[in-house]
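Throw the hints in and build the complete structure from the sequences for me.
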Amino acid sequence: MKHLLLALTLLTTTLFFSANCSRQPSSPSPEGKYTGCWNEENGSLTCITLYLSKEGKVKGERRSKTATNPQEKDEWEAQYKVVDNKIIIGTADKVFAQLIIRGDELIDPNHKVFGKPVVLKKIP
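Read in order, the letters of the sequence shown correspond to residues -19 to -1, 1 to 105 in mature numbering (1 follows the signal peptide of the UniProt record, and there is no 0).
Hints were generated in silico from the structure; no laboratory data involved. Do not take every clue at face value.
Unchecked claim - Cβ-Cβ distance ranges computed for the label pairs, FRET-style: (1) T72 <-> G96: 24 to 32 Å; (2) K38 <-> P105: 19 to 27 Å; (3) S25 <-> D65: 32 to 40 Å; (4) E22 <-> P51: 31 to 39 Å; (5) I104 <-> F77: 32 to 40 Å; (6) A73 <-> A48: 23 to 31 Å; (7) D65 <-> L26: 30 to 38 Å; (8) R44 <-> G71: 20 to 28 Å; (9) N23 <-> V64: 12 to 20 Å; (10) T72 <-> N20: 25 to 33 Å; (11) N20 <-> P90: 27 to 35 Å.
Just so it is clear, CB atoms sit at the ideal spot from N, CA and C, and this is done for glycine as well.
This is how it looks when you write it as structure tokens:
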């Protein structure tokens, strides 16, 4: 009888522990390449590509095409950190962007085009 009670206790404890562990939210792993293109309200086409490393570094490339300048490009590097479901990009002194992680997408709620936020999709 003692063995049966011990076995039931262990089984119940194991099931409870497993159920609670499976409910823990997994922390997002944003490393990878993200890209997105959109037409600005002034008619220019803008594309952004972000490369996020495991070490917390981000490299950004912006390409833009306008009627007067068919190929404008700039690159930059910064640091990033993940806080909850957001990626904060910047330096020790300044925040450049706060992006929301949504699945395999990064949403920039502060940069809207025609009323909709810019979306960057993860490239496999």
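The hints, checked one at a time:
{"no.": "1", "hint": "T72 <-> G96: 24 to 32 Å", "in the structure": "holds, 30 Å"}
{"no.": "2", "hint": "K38 <-> P105: 19 to 27 Å", "in the structure": "holds, 20 Å"}
{"no.": "3", "hint": "S25 <-> D65: 32 to 40 Å", "in the structure": "holds, 33 Å"}
{"no.": "4", "hint": "E22 <-> P51: 31 to 39 Å", "in the structure": "violated, 19 Å"}
{"no.": "5", "hint": "I104 <-> F77: 32 to 40 Å", "in the structure": "violated, 21 Å"}
{"no.": "6", "hint": "A73 <-> A48: 23 to 31 Å", "in the structure": "violated, 39 Å"}
{"no.": "7", "hint": "D65 <-> L26: 30 to 38 Å", "in the structure": "holds, 33 Å"}
{"no.": "8", "hint": "R44 <-> G71: 20 to 28 Å", "in the structure": "holds, 22 Å"}
{"no.": "9", "hint": "N23 <-> V64: 12 to 20 Å", "in the structure": "violated, 33 Å"}
{"no.": "10", "hint": "T72 <-> N20: 25 to 33 Å", "in the structure": "holds, 30 Å"}
{"no.": "11", "hint": "N20 <-> P90: 27 to 35 Å", "in the structure": "violated, 19 Å"}
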